[in-house]
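Peer 1: Throw the hints in and build the complete structure from the sequences for me.
With the UniProt record's numbering, letter number 274 in the sequence shown gets 274, and the count goes up by one each step, no holes.
Distance windows between CB atoms, simulated:
(1) Ser33 to Ala242: 31 to 39 Å
(2) Asp219 to Ser128: 21 to 29 Å
(3) Asp156 to Asp249: 19 to 27 Å
(4) Lys290 to Pro19: 40 to 48 Å
(5) Glu286 to Asn243: 48 to 56 Å
(6) Glu292 to Ala242: 50 to 58 Å
(7) Glu286 to Ala242: 48 to 56 Å
(8) Arg287 to Gln90: 43 to 51 Å
(9) Asp219 to Ser294: 50 to 58 Å
(10) Gly6 to Asp139: 14 to 22 Å
(11) Arg142 to Ser229: 25 to 33 Å
(12) Ala108 to Ala149: 17 to 25 Å
(13) Leu37 to Lys296: 46 to 54 Å
Simulated pairs of lysine-lysine, BS3-like, Cα-Cα distance not exceeding 30 Å:
(14) Lys282 to Lys296
(15) Lys290 to Lys275
(16) Lys48 to Lys112
Calculated directly from the structure, the hints in this document are not laboratory data. The structure presented is a predicted model; accordingly, all values stated were derived computationally and were not measured. Cβ atoms here follow ideal geometry from the backbone N, Cα and C, with glycine treated the same way.
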Amino acid sequence: MTMMDGQVQDAVQRLASLPDIRDAAGHGAALTSLWPLTDAMMMGNDAKYAENLQVRESLVIAHVLTGLDVTRADAEYVYEGADTIPGRPQDIVDALLAANDACDAAAAYRGKADSTVFAGVAQALGASWNAEIAGDIADIVRRASQFAADNVVARDGADDAGNTSGAAESGTASEVLRVAGDLAVYTLAAAAMLRQSDAAQAGTAGACAVLLALNEWCDSVSLPRLFYSQQLLSQLMDAREANGDGVSDAFVSVIAQAAGAEWEQHRGDVLWDPKEAKRQAKEADERRNKAELSAKFSK
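Peer 2: Shown next, in the form of structure tokens:
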């Protein structure tokens, strides 16, 4: 984000208009329409989602740090407090511990762009960000917050949203615009922060630190958190390597995929009703049994 303010705003508007970003924003708006959560079941589901997200994040990070096959069970054991796992390499456990330490360090962000917080996230993962790099990253996050607060996409699209039929439709349209604008800011911030981390030769560990820090920023601007699977993280790094420092279509596409898929899953997790799930499972069993009996007696 070394561009002038006007250039950044132009870039935000361009990115927010891309089909991939707008599609992801639709999923994001569907999720944020549930906020603030007041239903006890949904609040409990959301808390479980947050725990599950950290488990998934730590698994991916541990794989990146070690190159070893890290299992879901490994990540869950360490998240729950294990510092050794019988029969499993200690390197995996240590990497999972480091990943959880990095998540805890990132949580100290609390909406204030403090360079020491970002340096702590990188340090937990073994990435070296000196004071200058950490300061530059803090500046990028600070500017991202300013652009999110003055969401040019939502502001300029307010009149169009207001012209749609019905207040509910207008509200949905305006929220899609807000999410699209904030995701565009996220994309520009991610590119700029990764550029700074690369300057410190922090490697993929540094990239993981950037993405963890950005998730805390998302929280501060009411943008749902993103998750990068091992495949998407690899694609994100490949897109940067192939296209240098620019925000390429491939780079944008990976971020949009990560956002859309995670936001759809997050909404499903929040709305999950165990009683309804049990009822549907029972009905599915009954249908399967009837089909098996019908097939048996038709022979």
